[in-house]
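Novice: Since the structure of chain A is provided, determine the placement of chain B on it from the hints.
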Amino acid sequence: MRQQEIHQYIQRFFLENKCSVLDESDDHVTVQLTIDMDKRIMNRPFYWSYVESGGVEPNPAKLTLITNPSQFSTSLAGERIHFGSPRLHQLFQVTKEQGAFVQMYEKPGQNQATQVTLTPWLGVNYKITYASDRTKEMLYSLGMNLMNGAVIDGFQESVRKLELAPSVSANTYYLPYNIPPMRALTRLEDVMENVVNQDDHTWVDEAKQRQVRDLRVLDYFYTGVEEVPESYAMEKKAIEEQYETTIRIEIINGGLFYLKTALV
Amino acid sequence: MRIERSTEWKEGFTERLENRKEWDNWTLYQMCYDMERAKVIPEFHGLQSPKHLPNLTPYAHQLEAAETVIERMNGKAILADEVGLGKTIEAGLVLKEYLIRGLVKKALILAPASLTNQWIAELNQKFHIPAMSYNKKYNLDHCPIVVTSIDMAKRSPHKEMIIQQEYDLVIIDEAHKLKNPKTKNYEFVQQLKKKFCLLLTATPIQNDVFELFNLISLLKPGHLGNLETFQSVFSASKHHVEEDEFLKELIQQVMVRNIRHETGIEWTNRLVQIMPLDFTDQERVVYSMISKLPVADSFTSLTLQREMCSSQLAAVLTLEKLHQATIQPEVRFQIEEILLKLTELDIHSKAKKALELIQKANDKVIIFTEYRATQAYLQAVLHAKGITSVLFNGKFSKNKREWMKQLFQGNAQVLIATESGSEGINLQFCHHVINYDLPWNPMKLEQRIGRVHRLGQTEDVHIYNLAVQQSVEDKMVELLERKIGVFEKVVGELDHILTDGKRSIS
Numbered sequence: 001m002r003q004q005e006i007h008q009y010i011q012r013f014f015l016e017n018k019c020s021v022l023d024e025s026d027d028h029v030t031v032q033l034t035i036d037m038d039k040r041i042m043n044r045p046f047y048w049s050y051v052e053s054g055g056v057e058p059n060p061a062k063l064t065l066i067t068n069p070s071q072f073s074t075s076l077a078g079e080r081i082h083f084g085s086p087r088l089h090q091l092f093q094v095t096k097e098q099g100a101f102v103q104m105y106e107k108p109g110q111n112q113a114t115q116v117t118l119t120p121w122l123g124v125n126y127k128i129t130y131a132s133d134r135t136k137e138m139l140y141s142l143g144m145n146l147m148n149g150a151v152i153d154g155f156q157e158s159v160r161k162l163e164l165a166p167s168v169s170a171n172t173y174y175l176p177y178n179i180p181p182m183r184a185l186t187r188l189e190d191v192m193e194n195v196v197n198q199d200d201h202t203w204v205d206e207a208k209q210r211q212v213r214d215l216r217v218l219d220y221f222y223t224g225v226e227e228v229p230e231s232y233a234m235e236k237k238a239i240e241e242q243y244e245t246t247i248r249i250e251i252i253n254g255g256l257f258y259l260k261t262a263l264v
Numbered sequence: 001m002r003i004e005r006s007t008e009w010k011e012g013f014t015e016r017l018e019n020r021k022e023w024d025n026w027t028l029y030q031m032c033y034d035m036e037r038a039k040v041i042p043e044f045h046g047l048q049s050p051k052h053l054p055n056l057t058p059y060a061h062q063l064e065a066a067e068t069v070i071e072r073m074n075g076k077a078i079l080a081d082e083v084g085l086g087k088t089i090e091a092g093l094v095l096k097e098y099l100i101r102g103l104v105k106k107a108l109i110l111a112p113a114s115l116t117n118q119w120i121a122e123l124n125q126k127f128h129i130p131a132m133s134y135n136k137k138y139n140l141d142h143c144p145i146v147v148t149s150i151d152m153a154k155r156s157p158h159k160e161m162i163i164q165q166e167y168d169l170v171i172i173d174e175a176h177k178l179k180n181p182k183t184k185n186y187e188f189v190q191q192l193k194k195k196f197c198l199l200l201t202a203t204p205i206q207n208d209v210f211e212l213f214n215l216i217s218l219l220k221p222g223h224l225g226n227l228e229t230f231q232s233v234f235s236a237s238k239h240h241v242e243e244d245e246f247l248k249e250l251i252q253q254v255m256v257r258n259i260r261h262e263t264g265i266e267w268t269n270r271l272v273q274i275m276p277l278d279f280t281d282q283e284r285v286v287y288s289m290i291s292k293l294p295v296a297d298s299f300t301s302l303t304l305q306r307e308m309c310s311s312q313l314a315a316v317l318t319l320e321k322l323h324q325a326t327i328q329p330e331v332r333f334q335i336e337e338i339l340l341k342l343t344e345l346d347i348h349s350k351a352k353k354a355l356e357l358i359q360k361a362n363d364k365v366i367i368f369t370e371y372r373a374t375q376a377y378l379q380a381v382l383h384a385k386g387i388t389s390v391l392f393n394g395k396f397s398k399n400k401r402e403w404m405k406q407l408f409q410g411n412a413q414v415l416i417a418t419e420s421g422s423e424g425i426n427l428q429f430c431h432h433v434i435n436y437d438l439p440w441n442p443m444k445l446e447q448r449i450g451r452v453h454r455l456g457q458t459e460d461v462h463i464y465n466l467a468v469q470q471s472v473e474d475k476m477v478e479l480l481e482r483k484i485g486v487f488e489k490v491v492g493e494l495d496h497i498l499t500d501g502k503r504s505i506s
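Those sequence lines, one after another, are chains A and B.
With the working numbering, the residue at position 67 of the first sequence is 67, and numbering never jumps.
With the working numbering, the residue at position 379 of the second sequence is 379, and numbering never jumps.
Just to be clear, a hint being listed does not mean it is correct.
What the hints assert, rightly or not - The calculated lysine-lysine pairs, modelled on PhoX-like cross-linking and capped at a C-alpha distance of 20 Å, are:
(1) K21/B with K96/A
(2) K39/B with K51/B
(3) K193/B with K236/A
As the list claims (entries may be wrong) - Short derived list, chain A residues pointing at chain B, Cβ under 10 Å:
(4) R12
(5) L91
(6) Q242
To be verified - Not the full set, but computed from the structure, chain B residues with beta-carbon under 8 Å of chain A:
(7) W23
(8) C32
(9) N55
Calculated from the structure, these hints are not laboratory results.
By construction, the Cβ of each residue, glycine as well, lies at the ideal position given by its N, Cα and C atoms.
One chain only, chain A, in its complex shape (with noise of 0.2 Å):
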């Protein structure tokens, strides 16, 4: 994440958060909390706690961030953020949170004398991670229309350039879904396990070589020794571990996307 992207991230935050900007720059943005927010942020549950037993009036914090990093040395007031500061990372967390199930309708768009009939499609985001002791990651974002249960990839680059609302649109009607949605995550879920299966696992085999070839030295480091110190079970046990190879999917967010674009 670039610079700006980080500030525009920060600022799209707090304004979907009904926290409001008090003073902000290209290098910097300074927000007055909600007390929502100030709670799930600013970790002081006793300061919370104090003011909610004693009826003292809340003063949730204001909090400068400085986006750019050659301000970071100045004498701006306020907290450094980057990629990998744990206030954005913390601020991302939280992200998760709020933003892991949609309901969308695509919006008529203007002028539209007919009617118009929306697609039923749930889309899901999915994240691969492929461990040993090293790591990768993929991203998926499938759709199925749930009216013919086509799928398709990249299906959240193509509902980002859409218009959609939170509610329907007056003039539009949609059709209930053919497919039930969690049949179509069931199925969804076959696809993805599909694409791990397809893909190459020679990193499974290098990592249980691995395995071997420790496991192989630490045998030889105990050979003739009569009685195996209990630190022999130990090491084994740190070699399984450090090796181990397992492949984790997981869903980012998803949600049921109404639709007049055709997708393909």
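Specialist: Okay, now just chain B, sitting in the frame of chain A:
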């Protein structure tokens, strides 16, 4: 191949479908995806950590070291860079990489007590890693990154609490302290589960190859064979050069070692000289009397000789103790005679030499001595000549150390330190080091020099090794040379610590 999935999202989705909970906000939904896309790690290879640390500018050798540890050594390695090249940064990069990749959730850092705060500060400030100091009152389940000293960690009840945690990564600073497998420290580290492990030391061999064998056997038991086979091959004096080469290669599989002049960083010169000096006739007389003193063990005799090479005061203290413990009247008499002669001596030849060097340098100087008595003696000698000095030793508290350092930097011309003071203080503002007494272990010299000859040094550094001719110190020089030879054979090149090969000016 088993695939792990989480059902959490599915449950939340069902709740929304059944109108039991509200749907989320579209903008935040998109931001969430964008954020995941920015965070994705597309390759097994390469380092992610620099992307997360825009304010840290590691040197090329540090990045390379971190990558080598992870990709070639699979996360178990000895980081053996020369002093002052930033092993802490390398370890921080490795830890950060594993944290980002989710391979390490819990890490334990063991460092000398005097360095734990420095570790915590560096990890927090430079790496944004929330490391905290160990405290038995904390619930360790909630402290993912803990820093403590081995001396603390090896004792009950801390020991049990720590071992129970099963850390994913264990980092041990100043790991040469684990050279002896018969110590509690060694045993403790052996009991820790080490999925990933970094041992940091600039001096993996101090005296002999077995120390390195012991270190590697902690890290990767069996890598150098077991003790029996290792002993049979490498302890015999008759072993061959090919075996050294083979050993060197095995070591390189688990050890990263950067040396200064290969880092591509401009280094100031390190000018090392042995400064031979002679006793005065009177001193020579006392020295031979001391050498002939019939003491019970050769160790005491050796100590006395070394002390006499250092200062009258150092020798006096030991002699007085010896006097109290001695019963035979003739030996007591001999000691008394020596003590009397000692008081008649003028300023010690070596102190005189040191004084000369300090006056010639006309700059800040650090003097390292092995003896507390000599430390006091030197301060008195310097004071008499109007030269200001501060003392530094291992017994000082953290605050006092810092204060002494400030005093040295600001007001005093000379810092007189004992061995134990030489750990973890950085004195780049100084360019002259006098090794007033030689240690048995060449790596101690390296550690001492490393206090000033490190990143941030802007001028050439002058090292003076003082040695009294025709005394025990001659033999010490010889022994140090031999040990340096062993190190270079199996570990690799070593920067100048005893001489820089040029003819010394005497």
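Novice: Of the numbered hints stated previously, which ones are contradicted by the structure, given in increasing order?
Specialist: none
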